[in-house]
Amino acid sequence: QSALTQPASVSGSPGQSITISCTGTSSDIGTYDYVSWYQQHPGKAPTTIIYEVTRRPSGVSYRFSGSKSGNTASLTISGLQAEDEADYYCSSRAIGITYVFGSGTKVTV
Amino acid sequence: HVQLVQSGADVKQPGASVKVSCKASGYTLTDNYIHWVRQAPGQRLEWMGWQNSNSGATKFTQTFQGRVTMTADTSMNTAYMELHSLRFDDTAIYYCTRGSGTSLFDYWGQGALVTVSS
Chain H
11 QSALTQPASV
21 SGSPGQSITI
31 SCTGTSSDIG
41 TYDYVSWYQQ
51 HPGKAPTTII
61 YEVTRRPSGV
71 SYRFSGSKSG
81 NTASLTISGL
91 QAEDEADYYC
101 SSRAIGITYV
111 FGSGTKVTV
Chain R
-12 HVQLVQSGAD
-2 VKQPGASVKV
8 SCKASGYTLT
18 DNYIHWVRQA
28 PGQRLEWMGW
38 QNSNSGATKF
48 TQTFQGRVTM
58 TADTSMNTAY
68 MELHSLRFDD
78 TAIYYCTRGS
88 GTSLFDYWGQ
98 GALVTVSS
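Quick note, the sequences are listed as chains H and R, same order. Sequential numbering from 11 applies to the first sequence in the numbering used here. Sequential numbering from -12 applies to the second sequence in the numbering used here.
Everything labelled a hint here was simulated from the structure, so no lab data went into it. Among the hints, a few may not be true.
To be verified - Think about it this way: if two alpha-carbon atoms lie no more than 27 Å apart in a straight line, the pair counts; the simulated DSSO-like pairs of lysine-lysine are: (1) K46(R) x K6(R); (2) K6(R) x K54(H); (3) K(-1)(R) x K10(R); (4) K116(H) x K78(H); (5) K54(H) x K10(R); (6) K10(R) x K46(R); (7) K116(H) x K54(H); (8) K(-1)(R) x K54(H).
Remember, predicted model here, so these are calculated numbers, not experimental data.
Assemble the whole structure, with the sequences as input and the hints as a guide.
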């Protein structure tokens, strides 16, 4: 199963908003509203920041928001802060009760 | 307080097997699925599969079919992932993560580095 497609890098200035795209197919994102996003700082385990396309786990900042249209999901980070500099990955439920991750995006503030 | 604590780093030769443990605390292992995710050095996250410690059911991505075994010792509240016939490109950090509902991976282990080297 091929990885979901994300831009390799996205950058922004403090206070700005940025959006990361995640493109899949009709076998994953296009069929299931089970898209998640993860933040990973260097040397650390990932943490989940968005699940089921738009939901935030308890404790995650409101500055993170998710959306989906067709085969593409998006993560928007508003009010960019230095601590948001990290790698971001999307994932989606796929056919056969499997899951697939994205290629990853490095965010630079 | 939910925690997943994984076994330590390991070095294996090509062709060998490695078994990574994931000890759950703060909840009962059989109440949730455990998913396994790996990350090769400098590479993306890769979903490997899930296990249901209550029923014993497992599901793996095609990449690992026939090479991975996922088991659990419910008395120890611990899940295990064993990867066989190791290759150099299996060198990676292996994470366990708790599945909550259909798509939320809400808690992650700290990761276990497996190095395949001759």
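Against the structure, the hints come out as follows:
1. K46(R) x K6(R): Within the cut-off at roughly 17 Å; holds.
2. K6(R) x K54(H): Between K6(R) and K54(H) the Cα gap is close to 21 Å, so the pair holds against 27 Å.
3. K(-1)(R) x K10(R): Within the cut-off at roughly 22 Å; holds.
4. K116(H) x K78(H): The hint holds at about 20 Å.
5. K54(H) x K10(R): Satisfied, since the Cα-Cα distance of roughly 18 Å is no more than 27 Å.
6. K10(R) x K46(R): With Cα atoms ~20 Å apart, K10(R) and K46(R) stay inside 27 Å; holds.
7. K116(H) x K54(H): At roughly 14 Å apart (the allowed maximum being 27 Å), K54(H) and K116(H) satisfy the hint.
8. K(-1)(R) x K54(H): 23 Å, holds
Against the hints set out earlier in the document, no violation occurs for any number.
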